[in-house]
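The residues making up each chain are set out below.
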Amino acid sequence: MKRKTLLCLSLVAMMMTGCADQMFVEDVSLSLILGLDLDQDDHLLVYMSSPVFNKEAKVKEEKVEVKAVSIRDSRELFDQTVMALTSGSKTQLLLVGKKLLKRKNWIDYIDPFYRDPKNTVTTRVVAVDGPVSDVIFFRPKDKPRLPLYLANLVDTAYRRNVTIKTTLQEFHEQTTEKGITASITEMKKDHKIMLTGTALLDEQSKYKLSITPNENKLLRILQHKTKGDFPFTISVPMESNGHDHWISFSTPSIKTKTRVRYDNHFIFNTDVKMRVIITERLFPFNVRRDAAKLQKSIEKKMQADFERLIKKTQTTGIDPFGFGIYARAYTYPEWKKVQNQWGKAFSKADVNVKVHVTIGGMGTIK
Amino acid sequence: MKKYAFNEITVMQYIFLINGAQVGTGVLSLPRILAEKAGTDGWIAIIIGWLCSVSASIFLVKAAAKYPEDTLYEILIRFFGKILGKVLISVYMVYFAFSAWTILVNACLYIKAWFLPKTPEYIVLLLFSIPTFVIARNGLRVLGRYSELSFYMVIWIPLFLLIPLKDGNWLHFLPLLKEGWRPVLSAVPTTVTSFLGFEVAFFFYPFLQKKQHAVLGITIANTLTILFYVFVTFVCYAYFSPDGIIEFNQPVLNLLKLIEFRFLERFDMVLLAVYLIVVSTAWIPYVYLAPFCFSQLLGKQDHSNYVIILLLIIIGMVFWLDPTWNDSEGWQKMVVKGGLGLAFVAPPFLWVYSWIYEKFRRRVSH
Amino acid sequence: MFDFLKPSKGKRSFLHKQVSTHSNLQKKMSADDVLDSDLSQNTEILQQVFSQAPDLVIRCFSINASKTDAALVYLPGLTNKDAIQNHVLKPLMSSSFELDKELPITIGDVEVVETWGQVESAILGGDSVLLINGQNTGYRLDTKGWPQREVSDPQNEISLKGAHQGFVETGTQNIALIRRYIPHHELMLKEMTIGLRGKTKVSLLYLRDVASDDVLRELETRIQNITVDAIINTGELIEFIEDNPYSPFPQIMLTERPDTAVSHILQGRFVIVLDRSPSVLIAPTNFMSFFQAVDDYGTRWLLSTFIRVSRFLAFIITLFFPASYVAFISYNFEVIPMELLLSIAESRIQVPFAPVLEAVIMETILELMREAALRLPTPIGQTIGIVGGIIIGQAAVAVGIVSNIMIIVVAVTAIASYNIPNYDMSSAIRLLRFPMMLAAAMFGVVGIVIGWMTIVGHLVSLESLGTPYGTPLAPFRFADMKDAFLRFPLWTMKSRPKGTGAIPTIRQGRNRTKR
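Protein chains in written order, with the numbering used here: chain V, 1 to 366; chain Y, 1 to 366; chain S, 1 to 515.
Incorrect hints may have been included.
Below, computed lysine to any residue pairings styled on SDA-like, alpha-carbon distance capped at 25 Å [as the list claims (entries may be wrong)]: (1) V:LYS165 <-> Y:TRP170; (2) Y:LYS82 <-> Y:ASP70; (3) Y:LYS166 <-> V:THR256; (4) Y:LYS82 <-> Y:LYS359; (5) V:LYS4 <-> Y:ASN138; (6) Y:LYS118 <-> Y:GLU329; (7) V:LYS4 <-> S:LEU462; (8) Y:LYS300 <-> V:LEU7; (9) V:LYS165 <-> Y:LEU171; (10) Y:LYS118 <-> Y:ARG262; (11) V:LYS60 <-> S:LEU462; (12) V:LYS60 <-> Y:ARG262; (13) Y:LYS118 <-> V:SER70; (14) Y:LYS112 <-> Y:ASP302; (15) V:LYS206 <-> V:ASP129; (16) Y:LYS118 <-> V:ARG115; (17) V:LYS118 <-> Y:GLU247.
Listed below are several chain Y residues computed to face chain S (Cβ distance under 10 Å; list not exhaustive) [to be verified]: (18) MET12; (19) LEU116; (20) TYR122; (21) VAL124; (22) PRO131; (23) ARG262; (24) MET269; (25) VAL270.
It is worth saying that the hints were derived from the structure and are not from the lab.
Backbone N, C-alpha and C define an ideal beta-carbon position, used for all residues, glycine too.
All chains, full assembly: derive it from the sequences and hints.
Dropping the structure here:
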């Protein structure tokens with residue numbers, strides 16, 4: 001009898017207090033894009049784009065701009081204007097203006113993404129060349145909702161390695177790991193939105209350098225991240241006649257191997273083994289006969305490209321490739337001395353890239 | 001005629017009971033704690049901790065095997081007389097009740113942080129106590145079956161940890177023993193305490209059907225635990241950089257946050273909720289054992305009323321104290337201290353004592 | 001558990017006496033009184049005993065040879081007219097024989113009766129009683145022949161490959177149907193009678209050298225302890241002998257298929273045949289056995305494994321799908337992928353109810369439709385399905401009472417729940433999804449997990465006749481797992497399931513080894 005009373009009491013207590021955390025999906029304003037930027041007076045601007053579900057609404061998106069001291073503070077301001085309760089649990093993209101990227105300690109602003117367990121960490125981090133408001137308030141007629149469009153744009157571009165895709169979690173890894181500097185997607189809006197390549201940040205996560213889609217592919221290869229497609233279109237030096245020799249190839253398999261040794265400075269030897277399939281050739285050449293020659297010239301060209309990219313990063317003192325991780329793994333005592341100024345140490349390092357190309361296929365014509 | 005014919009447990013149940021009592025919420029933060037102390041070599045410390053706990057477990061079984069049909073209560077009374085024996089068993093009782101309290105509070109805090117931030121703590125605990133009561137009011141046999149079934153129900157969870165592993169980097173582990181053995185050894189106390197829970201085996205031993213497999217059983221239970229711990233730690237270290245991992249309170253949960261499928265995002269929400277089953281197998285043995293000791297102290301057969309009382313006390317305490325994360329950590333430290341005494345010191349002592357006791361008694365009887 | 005039902009023998013006979021005195025006898029007559037040798041005296045007593053039964057026939061005639069008076073007493077509706085006329089009356093009245101020798105009755109089962117109690121139960125049981133003047137004993141003649149249904153296809157347990165004979169309402173026939181499968185002397189039959197007024201015959205069938213003695217003893221005591229007026233059908237009997245009557249889960253299985261019953265007998269279980277009921281009981285059971293169907297063993301093992309797995313999937317869907325919908329929509333929407341989330345939110349925004357209310361309304365409507373279709377004649381029942389499914393569903397969405405996605409959830413749940421082969425189990429699971437939905441509404445995913453933990457905890461603490469209900473999972477028995485989630489090829493299932501408490505004898509030899 002006592003037990004039954006107890007059971008009833010506890011059931012009543014639950015009925016009374018349950019449901020406290022209910023939040024219906026239709027009452028939520030999902031901030032699918034969050035934008036961070038600075039205005040002329042260096043105040044933080046926070047942008048949000050969230051979907052509207054109501055059938056009566058003509059436009060299916062709400063876009064808001066507020067001036068706030070932090071992201072969390074901006075949420076209160078958003079709630080003052082949007083129809084429902086703002087939630088960051090589905091944020092697809094975090095757009096960061098270049099102006100803010102150049103500021104010190106800007107990553108402190110994204111703290112709530114890591115702190116609040118409700119918030120997602122698979123948000124794509126994107127650098128915007130120009131004001132963020134241009135992108136957020138852009139309303140293309142031939143595209144779906146902006147968040148879906150941008151998310152798809154980044155994802156598909158990433159599959160072809162046009163740009164890099166860095167989620168917030170990966171970004172956190174790259175910023176905390178001493179042996180690598182962060183690299184994020186870069187986007188620009190002129191008439192339409194375009195992915196212009198990858199933005200490279202330094203050890204303090206300040207913006208340093210932009211690289212083109214072609215260089216991004218090289219960056220991915222040096223990072224040992226060789227998944228996805230790596231289509232190249234390059235001009236190879238051939239002695240037969242004067243003008244450019246354009247050739248395109250896809251690379252079904254790329255294997256990268258990095259070795260490191262220390263001899264007063266770090267010396268990295270990276271071997272890149274590529275198996276290429278020719279997809280386009282704009283000059284006369286007998287691939288079946290002179291394959292070795294073609295391989296040689298592709299190797300030469302690629303090697304020069306790699307070296308140019310590495311030089312570029314070394315002069316700015318960043319290591320987006322993660323060579324530091326190799327340095328730590330194989331030359332720990334030397335690494336330990338320089339681990340807090342790895343960028344500086346890396347700029348003094350020798351990086352030798354050797355490319356080995358094998359032509360695996362030439363398509364259906366010679 | 002066996003004394004506990006109606007409450008016998010199989011060796012499998014024995015294994016899963018012990019394993020269940022060992023694995024709780026601790027593993028969620030274990031990789032971080034180890035990384036703070038021993039860097040990426042923390043997993044070596046787990047293996048050393050396992051060696052310690054296995055040897056302590058064997059002592060425990062040996063001590064219990066001296067009087068295979070007696071519970072610890074009867075053994076203690078036999079050794080130390082009625083009054084001292086009762087005092088000692090009350091120590092065990094208080095320890096079990098306190099362990100139950102810390103595990104429940106800890107689980108409650110997790111659930112509150114991740115799922116139900118606005119629901120009051122005592123309601124969450126009331127919720128926990130429903131299945132707890134359904135199971136713990138029955139005998140050990142039902143407890144064993146529950147632990148067994150739970151084990152099969154959650155065995156798929158580690159498989160999902162393999163998904164983030166594909167982005168992992170094995171270079172994080174190199175070089176082995178970065179800083180030598182000292183930091184590894186400094187982490188051993190932590191790992192030893194993470195094996196706490198096998199002390200319940202003392203109470204389960206008399207109920208075991210095939211006592212000849214007791215040593216094997218407790219070793220397998222410890223080994224299952226270590227496999228899980230090492231696996232989780234490995235995956236965390238491979239995914240997170242050595243510098244990044246120490247920033248997350250529960251790196252395992254941050255790892256799970258990354259798991260996304262096309263049909264299900266934020267899989268950690270589902271997984272953490274299901275993980276509650278694993279945690280339940282940790283608190284239920286304690287919720288059973290404390291009232292079991294109490295009913296033995298009073299000489300009563302039925303312990304189910306005391307289960308209700310214990311649960312009510314815990315709910316009341318939570319209502320009154322409103323525990324915080326820091327409180328919970330403090331209590332855990334206390335439990336660990338008590339557990340070290342009862343699990344690592346008491347069994348060898350009892351074993352030696354029983355040996356002397358037998359010798360002494362034989363001399364008296366001759 | 002059944003202590004309060006444990007009557008002393010005295011109590012039972014006391015009640016019985018009350019029954020006898022009720023029939024207003026002038027002479028105090030008890031069941032143990034013996035027959036008189038005077039026929040007219042006997043018929044008078046009979047008329048008094050059966051004074052409320054005007055259909056009683058007392059046929060007085062004289063036996064041909066000795067010109068002795070005799071009377072044949074029977075109830076015409078319960079007896080076979082042909083047997084009485086051609087095999088009892090005709091030889092008695094026409095042929096010549098001596099009274100002290102054997103009677104010329106061409107009926108198989110003839111028994112001498114001495115007391116009035118025996119006479120009464122024989123007449124009420126469909127036998128006829130022959131009384132001869134000058135003898136203080138009578139003869140019980142087996143002339144049973146009450147209205148019976150033909151053995152026909154089982155109505156509720158349809159099977160593609162199994163036999164097309166279902167149990168009927170006569171206990172002896174049902175036993176015969178089982179015997180046809182196991183013509184072996186170890187097939188034991190224990191008979192008991194329960195019900196003070198109904199006097200239902202309960203027969204226990206089992207294999208003596210296989211079935212567990214402990215379970216048998218337990219079962220027998222439980223059945224003998226029942227003191228009720230009558231047991232009308234097997235479901236009532238279950239409630240009296242179940243281990244935990246408060247549980248939503250059936251612990252004893254009902255079947256109307258002889259082949260199912262036999263397959264369980266062969267596994268070491270007990271079959272309880274209740275006279276007048278068209279289904280028999282199988283005990284002890286475990287949770288898994290409710291997911292097995294007789295077709296599983298007739299189909300190719302790969303296919304039946306697939307079907308078996310899909311049944312457990314159906315179980316999970318029925319229990320969790322509506323609850324997960326409620327939990328995800330009202331708590332953890334971050335779990336739903338973004339595109340899907342947008343479309344769900346768009347269809348949800350016009351619904352005025354909270355998700356849980358929406359779900360409960362739709363699930364209740366579904367249950368109403370199911371019940372309505374069940375009670376109506378088949379042709380109308382189909383209309384209910386169409387009206388309910390298409391018209392209500394369409395209109396409800398159009399008006400905005402429920403969302404599109406809810407219709408999908410309800411429909412999938414309904415289909416899944418009918419995939420579970422056992423009616424009792426599938427109703428139990430359908431019932432449980434309502435508390436699950438409530439838990440999900442109050443505490444989200446955590447509520448579901450807690451609900452599941454409670455169900456699991458309850459399942460493992462259940463026992464069926466003292467054998468664990470959770471076997472072969474908990475306690476784990478590897479050999480029994482061959483017939484749980486998967487259905488291994490038959491020749492690999494070498495031993496009988498241990499979970500039944502059966503003496504683990506080898507079920508079969510080494511088949512299929514030489515090929």
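Consistency of the hints with the structure:
Proximity of V:LYS165 to Y:TRP170 is assessed by CA-CA distance (about 21 Å); at most 25 Å being required, the pair is judged to hold. For a cut-off of 25 Å, the pair hint linking Y:LYS82 to Y:ASP70 stands: about 15 Å separates their Cα positions. With a CA separation close to 17 Å, the supplied pair Y:LYS166 and V:THR256 stays within the 25 Å bound. Our distance criterion of 25 Å between C-alpha atoms is met by Y:LYS82 and Y:LYS359, whose separation comes to about 21 Å.
Distance check on the hinted pair: V:LYS4 and Y:ASN138 sit about 17 Å apart at the alpha-carbon level, within 25 Å; holds. Between the alpha carbons of Y:LYS118 and Y:GLU329 the distance comes to roughly 22 Å, so the proposed pair stays at or under 25 Å and holds. Distance hint between V:LYS4 and S:LEU462 is fulfilled; the C-alpha atoms sit about 20 Å from each other, no more than 25 Å. As the CA atoms of Y:LYS300 and V:LEU7 are separated by approximately 24 Å, the hinted pair is consistent with the 25 Å bound.
Taking the CA atoms of V:LYS165 and Y:LEU171, the gap is about 22 Å. The hint holds against a cut of 25 Å. About 30 Å separates the Cα atoms of Y:LYS118 and Y:ARG262, which puts this hinted pair outside 25 Å; it is violated. For a cut-off of 25 Å, the pair hint linking V:LYS60 to S:LEU462 is broken: about 54 Å separates their Cα positions. For the hint linking V:LYS60 to Y:ARG262, the alpha-carbon distance of about 24 Å falls within 25 Å, and the restraint holds.
Between Y:LYS118 and V:SER70, the direct Cα distance comes to roughly 24 Å. Compliance with the 25 Å bound is thereby established for this hinted pair. Distance hint between Y:LYS112 and Y:ASP302 is unfulfilled; the C-alpha atoms sit about 34 Å from each other, more than 25 Å. A hinted pair counts as satisfied when its Cα atoms are at most 25 Å apart, and V:LYS206 with V:ASP129 qualifies at roughly 14 Å. This hinted pair checks out: Y:LYS118 and V:ARG115 have alpha carbons roughly 17 Å apart, not beyond 25 Å.
For the proposed pair V:LYS118 and Y:GLU247, the alpha carbon gap of about 18 Å is at most 25 Å, so the pair holds. Among the interface hints, the one on Y:MET12 holds; its C-beta lies about 5 Å from the nearest C-beta in chain S, closer than the 10 Å criterion. At about 6 Å, the closest approach between the beta carbon of Y:LEU116 and any beta carbon in chain S falls short of 10 Å, and the interface hint on this residue holds. Taken as an interface hint, Y:TYR122 does not check out: its beta carbon lies about 14 Å from the nearest beta carbon of chain S, beyond 10 Å.
The closest approach between the C-beta of Y:VAL124 and any C-beta of chain S is roughly 8 Å, which is under the 10 Å cut-off, so the hint is satisfied. The interface hint given for Y:PRO131 is met, as the beta carbon of that residue sits about 4 Å from the closest beta carbon of chain S, less than 10 Å. Residue-level restraint check for Y:ARG262 holds (minimum Cβ-Cβ distance to chain S is 6 Å; threshold 10 Å). With 10 Å as the threshold, the beta carbon of Y:MET269 comes within range of chain S, its nearest partner Cβ sitting at about 5 Å, so the hint holds.
The criterion of a C-beta within 10 Å of any C-beta in chain S is met by Y:VAL270, whose closest approach is roughly 6 Å, and the hint holds.
Of the numbered hints listed earlier, those contradicted by the structure are 10, 11, 14, 20.
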